[in-house]
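Peer 1: Chain by chain, the residues:
Number of protein chains: 2
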Amino acid sequence: MKFGGTSVANIERIKAVAQRVKREVDAGNEVAVVVSAMSGVTNQLVDWCKELAPLHDAREYDVVVASGEQVTCGLMAIALQELGVDARSWLGWQVPIKTDDAHGKARILDIPREDLDRRFAKGQVAVFAGFQGVGSDNRVTTLGRGGSDTSAVAVAAAIGADRCDIFTDVDGVYTTDPRIVAKARKLDKITYEEMLEMASLGAKVLQIRSVEMAMKHRVRLQVLSSFEDKPGTMVVDEEEIMEKELVSGIAYSRDEAKITLTRVADKPGVAAGIFGPLADANVNVDMIVQNISEDGKTTDMTFTVSKGDFARAKQVLEGSRSVLDFQDLISDSNVVKVSVIGVGMRSHAGIAQRMFKALAEKGINIQVISTSEIKISVLVAEEYTELAVRALHTAYGLDSE
Amino acid sequence: MKFGGTSVANIERIKAVAQRVKREVDAGNEVAVVVSAMSGVTNQLVDWCKELAPLHDAREYDVVVASGEQVTCGLMAIALQELGVDARSWLGWQVPIKTDDAHGKARILDIPREDLDRRFAKGQVAVFAGFQGVGSDNRVTTLGRGGSDTSAVAVAAAIGADRCDIFTDVDGVYTTDPRIVAKARKLDKITYEEMLEMASLGAKVLQIRSVEMAMKHRVRLQVLSSFEDKPGTMVVDEEEIMEKELVSGIAYSRDEAKITLTRVADKPGVAAGIFGPLADANVNVDMIVQNISEDGKTTDMTFTVSKGDFARAKQVLEGSRSVLDFQDLISDSNVVKVSVIGVGMRSHAGIAQRMFKALAEKGINIQVISTSEIKISVLVAEEYTELAVRALHTAYGLDSE
Chain A
1 MKFGGTSVAN IERIKAVAQR VKREVDAGNE VAVVVSAMSG VTNQLVDWCK ELAPLHDARE
61 YDVVVASGEQ VTCGLMAIAL QELGVDARSW LGWQVPIKTD DAHGKARILD IPREDLDRRF
121 AKGQVAVFAG FQGVGSDNRV TTLGRGGSDT SAVAVAAAIG ADRCDIFTDV DGVYTTDPRI
181 VAKARKLDKI TYEEMLEMAS LGAKVLQIRS VEMAMKHRVR LQVLSSFEDK PGTMVVDEEE
241 IMEKELVSGI AYSRDEAKIT LTRVADKPGV AAGIFGPLAD ANVNVDMIVQ NISEDGKTTD
301 MTFTVSKGDF ARAKQVLEGS RSVLDFQDLI SDSNVVKVSV IGVGMRSHAG IAQRMFKALA
361 EKGINIQVIS TSEIKISVLV AEEYTELAVR ALHTAYGLDS E
Chain B
1 MKFGGTSVAN IERIKAVAQR VKREVDAGNE VAVVVSAMSG VTNQLVDWCK ELAPLHDARE
61 YDVVVASGEQ VTCGLMAIAL QELGVDARSW LGWQVPIKTD DAHGKARILD IPREDLDRRF
121 AKGQVAVFAG FQGVGSDNRV TTLGRGGSDT SAVAVAAAIG ADRCDIFTDV DGVYTTDPRI
181 VAKARKLDKI TYEEMLEMAS LGAKVLQIRS VEMAMKHRVR LQVLSSFEDK PGTMVVDEEE
241 IMEKELVSGI AYSRDEAKIT LTRVADKPGV AAGIFGPLAD ANVNVDMIVQ NISEDGKTTD
301 MTFTVSKGDF ARAKQVLEGS RSVLDFQDLI SDSNVVKVSV IGVGMRSHAG IAQRMFKALA
361 EKGINIQVIS TSEIKISVLV AEEYTELAVR ALHTAYGLDS E
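As you go down the protein sequences, you meet chains A and B in turn.
Quick note on numbering: the first sequence equals residues 1 to 401 in UniProt numbering.
Quick note on numbering: the second sequence equals residues 1 to 401 in UniProt numbering.
Hints were generated in silico from the structure; no laboratory data involved.
Owing to the predicted nature of the structure, the values given are computational and were not obtained by experimental measurement.
Hints should not be assumed to be uniformly reliable.
All copies of an identical chain are treated as equivalent in the list; a pair is satisfied when it fits inside any one copy or across any two copies.
In silico DSS-like pairs for lysine-lysine, Cα to Cα no more than 25 Å straight-line [stated by the list, open to error]: (1) Lys15 <-> Lys50; (2) Lys314 <-> Lys267; (3) Lys22 <-> Lys50; (4) Lys15 <-> Lys122; (5) Lys22 <-> Lys122.
Extracted from the complex, chain A is given alone in its bound form (with noise of 0.2 Å):
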């Protein structure tokens, strides 16, 4: 049971939480707790860092944030004992959760578990610190932001849990934005890739990489709300889910930024040329079109960014202007990129034609497309986002009655 910072965000949370995992107990479960700091309190770490130093030592950025998940796990276990059940808190370097020495989005390596076994074999509740582990020298690392999502992924598959439950501030994962398409269904099930397309593209709902580490591990996941009594989503394998969906799931991202190359040289080497320069200074580029060339000399070459890189990535390519030898370089940040997610796809032809004829119905012109196994990508321009993703929503009769 894995409970975010807005789930422990004070005392009576902290009350309600326990509540919550004595009912588990109760019912005769093992249980281990994974906590997040309590909300705010890494920002406000975080922002001292960076108060001190911009570029700060992340090692003692590590000591210092880990500090948010050592103060809430104390406080459960507190708080499970008052209720009679028998708990303990454990901080990283105590399981010990070895990770690599990556500081500051460290990876879990192994966690043991003999110890922790001989104490659920007791009944003793395990509260865990999320977000922090310990890396080979024995100092204090963390996992990046989100990163209990991660640790709670992890103890799940050390212990072979038979289900990791993720309890946070929404009750599971929607078909789309429920703040755009009023008549967004929460999905029972999901797929792992389902669900790593949608992390990715958007929906902030878990970390990336626990997903990652769940579908790995073969972990069932359950996204649910830490306020209502009720199911939420659960995240499965493909063959879990009987009834396979043509498409799943409606996201958008705005963090986009496109940069569009005129008439570079249409020769062998030229995308390297273009894209080596952007991943030396750490700029991620997302999708990328190449036209067919009109001339047979040159090509345009469009793909986009992510905002906080635009700025950068026009830096980069202006610098190799005389390398590259393009014309003009035309950028525009007012995009959104809107996705169709589903692993039914994979099967079934005309899910991309469906895509092109709802957009184009209302009107909407279609910037950029890319495709991957089990989704469809569109780049269209901002102002259509929420009529786009209606739209689609609709198309693909995922709309409630």
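Based on the hints, put chain B in the right spot on chain A.
Peer 2: Structure of chain B alone, referenced to chain A:
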């Protein structure tokens, strides 16, 4: 160099402390730093534990409250690095600062110095999280409120430091409370024994245990201001002080309450009969006076307890009334204990007499007297506190010019 909560209360002060540490490093010194939690933080953490459960697991309490020092030691390392000083943070379990398992008030058993020495030799500043250690079962322990002073002395003793500087919000140890006596003087030097008495008698400059430890390991302590750059008060061995004052200071404590049991049987075992049940109830008894029996059969027994124990002490005694067989229980919490302290009084007669005379001249009635080798304490009505302290400060020639 130990910095208390007010010295690291915010980012600006942490930066200022880092500058101060850098000056010592630049002067060619090998420096270890011990930090408290930012002021207010520990109180907040303690409150949360109490809010969840008045009687909480001390092991989990330790996990929660130790986080405050974790934050500041990481931040301090970052601040030092930003000034170009090689530094790293050390949490209790990393050093390790080994303690016994008395959670919430643990005692330091051992601090291995090999690893630290190797780093000092390379010029690296070690920044320790004060107040915390690790118990035999690999769990976090804390040393009790004010425990960072003890951490600092323990580290100084372990590494064989030439000096242990305790930076705080006062600039040294005074002959008495400057808020009461405007002519109070800052002492250049004071002996461990005197400092111990001062600390026990209500001067809150240093945690008592830290002074005991400094005395035991002959660590030269300096109490000085973290806000002004000038020498403070050195707490040292008696042999280091050439000209011993008869009296070094006047202390007072308002945290006193007086209880008298009248007409208790004057026979062997009666004191044990009274103080045994009080000890069992964890009531600390301070001054004890038994008058000579008038009738040869009964006597009056007077003693003091702290105000916090007052109600419990009365309850325990009333509960034992049938056994103790006293006539009346007379109690009074409007009292203050005033003490004169000085190692010089060991070898000089007439010190006590000067005290009694000074108080008599002001018309102050002495209720109880208690003496030790280097201190005389009297209990007087609380309303005379300031008058008594000022009179004694003058009588022993402590007033500054």
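Peer 1: Take the hints in turn and mark each one as holding or not.
Peer 2: The hints, checked one at a time:
1. Lys15 <-> Lys50: between (33 Å within a copy, 13 Å between copies)
2. Lys314 <-> Lys267: Classified as within: same-chain Cα gap 22 Å, cross-chain 97 Å, threshold 25 Å.
3. Lys22 <-> Lys50: between (39 Å within a copy, 20 Å between copies)
4. Lys15 <-> Lys122: within (23 Å within a copy, 49 Å between copies)
5. Lys22 <-> Lys122: Result: close within a single copy only, 15 Å intra versus 52 Å inter.
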